[in-house]
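What follows is the residue order along each chain.
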Amino acid sequence: MKKQTIDTRPAGPKPWYDPRVRSLFFQAIAIALVFWGGWILVDNTLSNMESRGISTGFGFLGETAGFGIIMNLVPYDATMSYGRTFWVGLTNTLLVSAMGVVAATILGFIIGVARLSSNWLVAKMALVYIEVIRNIPLLLQIFFWYFAVLSNLPSPRQSVDVGGALFLNNRGLYLPDPVTQEGFGIVWGGILLAIAAVVGIRIWAKKRQLATGQIFPTFKVGVAILVLVPIISYLVAGRPLEWDLPALRGFNFGGGITIIPELAALWIALSLYTASFIAEIVRSGILSVSKGQTEASKALGLPNGLTLRLVVIPQAMRVIIPPLTSQYLNLVKNSSLATAIGYPDLVAVFMGTTLNQTGQAVEVVAITMAVYLTISLLISLFMNIYNRAVAIKER
Amino acid sequence: MQTPPKDQPGKKPGIIRVEGMHKWYGDFHVLKDLNLTVDQGERIVICGPSGSGKSTFIRCINRLEEHQQGKIIVDGIELTDDVRHIDTVRREVGMVFQHFNLFPHLTVLENCCLSPIWVRKTPRKEAEASAMEYLERVKIPDQANKFPGQLSGGQQQRVAIARALCMKPKIMLFDEPTSALDPEMIKEVLDVMIELAGSGMTMLCVTHEMGFAKTVADRVIFMDGGEIVEQAPPHEFFTNPQEARTQKFLQQILAH
Ligand SMILES: Nc1ncnc2c1ncn2[C@@H]1O[C@H](COP(=O)(O)OP(=O)(O)OP(=O)(O)O)[C@@H](O)[C@H]1O
Ligand SMILES: [Mg+2]
Chain C
1 MKKQTIDTRP AGPKPWYDPR VRSLFFQAIA IALVFWGGWI LVDNTLSNME
51 SRGISTGFGF LGETAGFGII MNLVPYDATM SYGRTFWVGL TNTLLVSAMG
101 VVAATILGFI IGVARLSSNW LVAKMALVYI EVIRNIPLLL QIFFWYFAVL
151 SNLPSPRQSV DVGGALFLNN RGLYLPDPVT QEGFGIVWGG ILLAIAAVVG
201 IRIWAKKRQL ATGQIFPTFK VGVAILVLVP IISYLVAGRP LEWDLPALRG
251 FNFGGGITII PELAALWIAL SLYTASFIAE IVRSGILSVS KGQTEASKAL
301 GLPNGLTLRL VVIPQAMRVI IPPLTSQYLN LVKNSSLATA IGYPDLVAVF
351 MGTTLNQTGQ AVEVVAITMA VYLTISLLIS LFMNIYNRAV AIKER
Chain V
1 MQTPPKDQPG KKPGIIRVEG MHKWYGDFHV LKDLNLTVDQ GERIVICGPS
51 GSGKSTFIRC INRLEEHQQG KIIVDGIELT DDVRHIDTVR REVGMVFQHF
101 NLFPHLTVLE NCCLSPIWVR KTPRKEAEAS AMEYLERVKI PDQANKFPGQ
151 LSGGQQQRVA IARALCMKPK IMLFDEPTSA LDPEMIKEVL DVMIELAGSG
201 MTMLCVTHEM GFAKTVADRV IFMDGGEIVE QAPPHEFFTN PQEARTQKFL
251 QQILAH
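Quick note, the sequences are listed as chains C and V, same order. Using full-length UniProt numbering, you'd call the opening residue of the first sequence number 1 and step up by one each time. Using full-length UniProt numbering, you'd call the opening residue of the second sequence number 1 and step up by one each time.
In short, the hints are calculated from the structure, not lab data. Treat the hints with care, as some may be off.
As the list claims (entries may be wrong) - Examples of chain C residues lying across from chain V (beta carbon under 8 Å, computed):
1) THR79
2) ALA299
3) LEU302
4) GLN315
Think of the CB as a built atom: it goes at the ideal place given N, C-alpha and C, for glycine as much as any other residue.
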């Protein structure tokens, strides 16, 4: 009775010919090699540090830093801890990266579209921009903006003065700082109201399109509401905002908001450089949409603007997103060139001064690398989610 | 020449009028002195050897290509550089392409509703209901929520026809609608086109399907070297071609 159950499956191959078994085997070997290599590295470093008498662990983060940093978004002074220097560096890195991503994206899209313009001059100018900017090393461009352009601005006493509120000199750009007064809550209320109204109008416009077919200019009306309602509520509340104007005190300016030249140089260079790559990505994305698509759209009577918006761009985005993601990642990583001109980013502050003063190389490098890895993974994650949303379904 | 629809009441004569039309690609003279009048409800088949300018010609009729000399008047509107005229004409002229050119990022239903909603300003519900009617007419209502990439070639081409019809055009242009299809799918597309011809649609059709020409065409036009060499009702055209070039072409194509 043993041989009652008959196995109807076809006889499988010998284990060493089975692709699944094979791939498991090779993966196991690869993982083992990685762990072995990691273990050798860690073991080696630890025993080296022990022999040189360096203490390990993250206790140093609580010690007093004792050095100044020229720009901080989170409160900081020299009496604070090394842990605080980490946050100062991180927020500075995030600031310049975010500013760079926004500027590079806008500029890159404009130049990418200009590159395809039927106007000869516009197209050629875009081409020259792309070819010049992306073929000069980024570090050189940062130096150019910092040493050749911004350092040659006049000294604080000879500042470029725009209406007594805005000053530009070789120490930076000084802007008035808005200080909210009592009653500013009304303005916040106005802003919230405007946002709610725009959302409401969008929903209503969609419903009306369903019912009557009329297309409401949601975008234009929305922008008008978002601009006008806060302004009106500002006036109604009795202008509850005062400006802290920058003013010359001795040899330098005080008050207001300062954009230091290190930040400006790094931001301009990162944005211009990355924009040249984004422009090429945008151009190839648009070109990847076949001519048949535009023709079909035109043949259906859709005018050029709608053809671009409803047919070309949605398809181009699918091609643009993955390389655009890697440009964003490059921008964040390139922001660490800040060290070269002394912008206090994470690498300059934490992996620079903090590391030099504490000597905790392994910990500091590990933390810094983990931060960059986290930022990169987060960007990739968001871009992947977006990409999944615009992906085209095939069979 | 007498074509049956001309005599029917309510049919506009000369819904398409092409007069002394020339087109060049750079130095290359593609279309030479074309003259053609198509009445409403007329069904025209255009054939001719490869490179003879058939595609270029019908693409001039909805201004996907520009002509440089002569006149093209569609439904009373002359095609010039004026963008408003071009958009008006394109709303009344549907086109079906050899390679379907469906929008891959939209579902079948969205493909059909796009232009009615944005150009004709039809309420979405109405546009969708009307699109479903046309999808039923081309016999694929069950595919409405699929994406073009999930359909067979024949199904895609039928969606393309439905999409063009959703604009309720007065004229339909077809540029070799079956030549990218496998033989078993050609029939399903031709059946739809024959049904459409029966409904009184004005049709200009570039095709090598001579069976289709014999069944539905009011007139067959033979083009060669950028010229209209000969035009005649199908029976005359196939049994008694006048020009030597037409005879040679027919011999080649019917030899298959
Ligand atoms: N954009 C263009 N630039 C230059 N020449 C072109 C262009 N498009 C077409 N031609 C030329 O014009 C001629 C007519 O082309 P067309 O596509 O109208 O031919 P056709 O009769 O449709 O041929 P087929 O049966 O192969 O589709 C061909 O010689 C072709 O090489
Ligand atoms: Mg052709």
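Each hint tested on the structure:
Annotation: interface hint on C/THR79 violated; nearest CB of chain V at approximately 58 Å, more than 8 Å. Nearest Cβ of chain V to the Cβ of C/ALA299: about 4 Å, under the 8 Å cut. The hint holds. For C/LEU302, the shortest C-beta to C-beta distance to chain V is roughly 6 Å, which falls under 8 Å, so the interface hint holds. Interface hint status for C/GLN315: upheld, as the beta-carbon distance to the closest one in chain V is roughly 5 Å, under 8 Å.
Of the numbered hints stated above, the single one contradicted by the structure is hint 1.
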